[in-house]
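Please take these sequences and the hints and turn them into a complete structure.
Single-letter residue listing:
Number of protein chains: 2
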Amino acid sequence: MNIGSAARAAGLPVKTVRYYADIGLVEAPDRTQTGYRRYDEAAVRKLAFVRRARDFGFSIEECRELLSLYEDKSRSSADVRAIAAAHLEEIEEKQRQLAALRDELALLVTACRGDDRPDCPILDRLA
Amino acid sequence: MNIGSAARAAGLPVKTVRYYADIGLVEAPDRTQTGYRRYDEAAVRKLAFVRRARDFGFSIEECRELLSLYEDKSRSSADVRAIAAAHLEEIEEKQRQLAALRDELALLVTACRGDDRPDCPILDRLA
DNA sequence: CTAATCTTTCCTGTAGCTGGAGAGTCAAGG
DNA sequence: CCTTGACTCTCCAGCTACAGGAAAGATTAG
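Sequence lines, in order, name chains H and R. Per the working numbering, the first sequence runs over residues 1 to 127. Per the working numbering, the second sequence runs over residues 1 to 127.
If you're looking for bench data, these hints aren't it; they were derived computationally from the structure. Check before you lean on any hint, since a few could be wrong.
[Claimed, not checked] Computed, partial: chain H to chain R, Cβ under 10 Å: (1) I23; (2) L25; (3) L101; (4) D115; (5) D119.
[Unchecked claim] The calculated lysine-lysine pairs, modelled on DSSO-like cross-linking and capped at a C-alpha distance of 27 Å, are: (6) K15(R) with K94(H); (7) K15(H) with K94(R); (8) K94(R) with K94(H).
Yeah, the Cβ is synthetic: ideal placement off N, Cα and C, and Gly gets one too.
Quick look at the structure:
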């Protein structure tokens, strides 16, 4: 399986697959004589695993940890849970910040008449 | 006023003030004979304006637009409002995505016992 | 006068890719 | 056999919004 098919199967751009190999996250098992990367089923599964974890907002480093736990049959679910719980906490913190921001900005937007005249509570607030 | 005092007055790191000058966002009015940037009150006001806009999550390019509207005494508040409203829409979209993500991840975390055993719904979901 | 603090420019690195150049490889069609 | 088009390779640059650090000059306090 060449990189193109592997990328399609995993749902990732070819560039990204190559990038993951460069940083040692998911490397192709071997190369052809002419230097083409060959991917097997296991590698494709790992790529797809990473894609889903990335969709969940896990960082590359978190993905690396999750991947090694994924590979480790004697892992404890507590280890995985700890990573996910920490990530969940980050997301919730981000949510709180975003909510505060939104509320304040929404106030400004509704306060601004948005007409031809120059007076604008939004700029006033920023000044 | 040297860059250090200006940065303190505006609540920004010196590095950031220099960066804003480099990208032509807020430039120091002039330089001393020995090359030191001199900032005046107006420049400091602009720096503080940008800092607050950045706190609101506006991008540098949005700040550039807001700044030119801020400077333009014949601006219409509608122009400002349009930028803010667009940004608000982005924030709300981000909020929706984050909420969906959080809910799904929270489900997984609660589903995982987090003990010494290897079976883990989180990894199962990612695999 | 000296030591400490500021300031300058320039270069590098961050996260996570994406785009492009230029060159080589492969499979199919004529 | 040749060509064409699709695929792949490596390397380099750029994106956001700065942060860190080196080496050198400027300024200020004691």
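Verification of the hints:
1. I23: 19 Å, violated
2. L25: 14 Å, violated
3. L101: The hint holds - L101(H) has a Cβ within 10 Å of chain R, the shortest such distance being about 6 Å.
4. D115: 6 Å, holds
5. D119: 6 Å, holds
6. K15(R) with K94(H): Since the Cα atoms of K15(R) and K94(H) sit roughly 26 Å apart, the hinted pair holds (cutoff 27 Å).
7. K15(H) with K94(R): The hint holds at about 26 Å.
8. K94(R) with K94(H): Holds, because 10 Å separates the two Cα atoms, which is no more than 27 Å.
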